[in-house]
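Visitor: So the protein lines, in turn, are chains A, B and C. According to this note's numbering, the stretch in the first sequence is residues 1 to 109, in order. According to this note's numbering, the stretch in the second sequence is residues 1 to 171, in order. According to this note's numbering, the stretch in the third sequence is residues 1 to 336, in order.
Everything labelled a hint here was simulated from the structure, so no lab data went into it. It is possible that part of the hints are untrue.
DEER-style ranges, computed between Cβ atoms [claimed, not checked]:
no.	chain 1	residue 1	chain 2	residue 2	range
1	C	A287	A	V51	47 to 55 Å
2	B	Y6	C	G282	40 to 48 Å
3	B	K160	C	E65	40 to 48 Å
4	C	E65	B	V7	34 to 42 Å
Looking from chain C toward chain B, a few residues come up when the C-beta cut is under 10 Å (computed) [what the hints assert, rightly or not]:
no.	residue
5	E65
6	P68
7	L75
8	A78
9	D113
10	V116
11	Y120
12	V124
13	V129
14	Y130
15	L133
16	W137
17	L145
18	I149
For each residue, glycine too, the CB sits at the ideal point set by N, CA and C.
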Amino acid sequence: MNNLPEIIRTIPLSHYVALSSALFLIGLLGVLIRKNIIIVFMCIEIMLNAVNLLMVAGASYRGDGTGQVMVLFTMAVAAAEVSVGLAIIVMIYKNLKTTNIDLFDQMKG
Amino acid sequence: MDKIFYVLAALTLITAFMVVISRHPIRSVLFLVATFFLISAQYILLNAQFLALVNIIVYAGAIMVLFLFVIMFLNLSRDLERFSSWMPIAAAGISIGGIGLLLLSAFRVAQTNVEYTGNPEAGLVEQIGEVLYRDFLFPMEVCSVLFLVAMIGIVLLNRKERELPSKIPLS
Amino acid sequence: MSELTFKIIFIVAVFGISLFVAMYTTYAERKLAAFLQDRLGPNRAGPFGILQPLADGVKLFFKEEFIPRVSDRLLFIAGPAIFMCTALMTSAVIPFAPDLEINGTTYAMQAADLNVGILYLFGVVSLGVYGILVGGWASNNKFSLLGAIRAASQNISYELAMGLSIVSLVMVSSSLSLRDIVDQQSGWAWNILYQPLGFLIFIVCAFAETNRAPFDLPECETELIGGYHTEFSSMKLGLYLFAEYIHVFISSAVLASLYFGGYQFPFVSDLDPGPVKTLLGGLVMFAKTGFFIFLFIWIRWTLPRFRYDQLMNLGWKVLIPLAVLNVLITALFILF
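The shape of chain A in the complex, shown without the other chains:
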């Protein structure tokens, strides 16, 4: 546990930026492609985690705890958002009997 910060010194921050961007793009791909609303929700969580990873990497590089506290708040807000979102999805399923987002067109026209 004591020699962990030495590992960080050998990995430049740009690699963390690259990993975070790739993860974000994968999440975005999921949101655009999938038709099941629950899977879309999960891909939004992937995007949030990519951003969290970048913030923690930045905070560790500068020795500043602010980034990690920000991540704590992001996690809290994500938890609240997931609960409300899933409650809404359950209600939609009760009314429309489907989770395919192509069929959520009650408000069209």
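Dock chains B and C against the given chain A, drawing on the hints supplied.
Guide: Here is chains B and C on its own, set in the frame of chain A:
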């Protein structure tokens, strides 16, 4: 020993990709749990031990259980999406490529090779506690109100509507 | 020997000890149940039935292993494995004995001394839900699904009260590391004297988390046939049942470390560090753990089980307010 970052990064990207292309929703959830585990491992590598465990407790331990509950209640055993045409995938690929290009160009110009000026104590619980309670006390209290509002909202959303007694018009 | 070699040997030893103690907890349960019910327990396999767990294991191995037409074969096989994994992972942070000092080098009797040890425990406990949910879902059986959902909701409800009672304990000891908490309880200053209400809440939540004692609605035979392990046979069922006993052992060890002083005992703590102190400390720790295992078994065969709504009522409306009150009282005590 420093190759471990690249191994973890590759595994994270693989499991995240499997979340996106899995046909079975429950397998997607389990791959996502694996992704969260790997991201927690990255946090430990960055010496953010408290956040790594909080990530597991909150995301992998609570939020994903919620997802599993909903999938089980809605009884989504197999994904019923049909592969109709290449157009959505092509469009998604082009937009992802465009955004990727944007990010690449932004990070070429930005100063990302900063000097490492960290101190090893930064990720420990005591430091985070100090920063949280000294600088961010108000947002923390607001977070608790946020949770209260979310809970009330969820209970309200799922209440059964009571049927009002209908007034029979006297003809 | 080098640090790494010692660690590997120690991890294998802890693994073996967990399995061994869980095995003999099954034997102790049957003997104690028999004693409470005024009959003899198993006494055929070996003198006094000592070899009974071995016989049970062999029986489970030889049973027919069939996989019904399940919704997902991979998940069906993975469910018990996940449950067993999370049960064994918790034993990594428990301090079993004081540090062993031989020829100047100190060997820690704890597989991993994380400085966020209690959070790690909490995290692994919240992962235990997955084994139940995945197993119950993959069985393709409505009773299993109902049992799995009941078990999962019971598990997550009692996790909250457990976390809150741990918060007040951490306030008293100002450290999240299990070794620091045990080290601070030297002499007579066991944590139960400082946190009696916290101890009560924690022990009730420990019963609920291990799906045992009055809280075993998800798996009792009179309610849901078998609950989430209805469709499992042979060694997969064996893994579920065995993992439950490992949970009992680990919960007892955690209770002993957090509230009853772990390996500390009034006169043992004053000895010089060395093999004698380590041995005595280890014996003290196992004695306390054994007492809590006895308590688990005793309560199981004495109290009737809770109905599901009574259970949820207790978790949300009684234990969580009590735990918050405990935090408040602890904070006031620390301030003044």
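Visitor: For each hint, tell me whether it holds in the structure or not.
Guide: Status of the hints after comparison with the structure:
1. C:A287 - A:V51: 47 to 55 Å: With Cβ atoms ~50 Å apart, the hint holds.
2. B:Y6 - C:G282: 40 to 48 Å: holds, 41 Å
3. B:K160 - C:E65: 40 to 48 Å: holds, 45 Å
4. C:E65 - B:V7: 34 to 42 Å: holds, 35 Å
5. E65: violated, 23 Å
6. P68: Result: violated, 15 Å to nearest chain B Cβ.
7. L75: At about 7 Å, which falls below the 10 Å cut-off, the nearest Cβ of chain B leaves the hint on C:L75 intact, so it holds.
8. A78: holds, 8 Å
9. D113: violated, 12 Å
10. V116: holds, 5 Å
11. Y120: holds, 6 Å
12. V124: holds, 8 Å
13. V129: Holds, because the Cβ-Cβ distance from C:V129 to chain B comes to roughly 5 Å (cut-off 10 Å).
14. Y130: Given a least distance of 7 Å, the restraint on C:Y130 holds.
15. L133: OK, holds: C:L133 within 10 Å of chain B, min 5 Å.
16. W137: Nearest chain B Cβ about 6 Å off; hint holds.
17. L145: Holds - the Cβ of C:L145 comes within 10 Å of chain B, reaching about 6 Å at its closest.
18. I149: holds, 7 Å
Comparing the model with each earlier hint shows violations of hints 5, 6 and 9; every other hint is respected.
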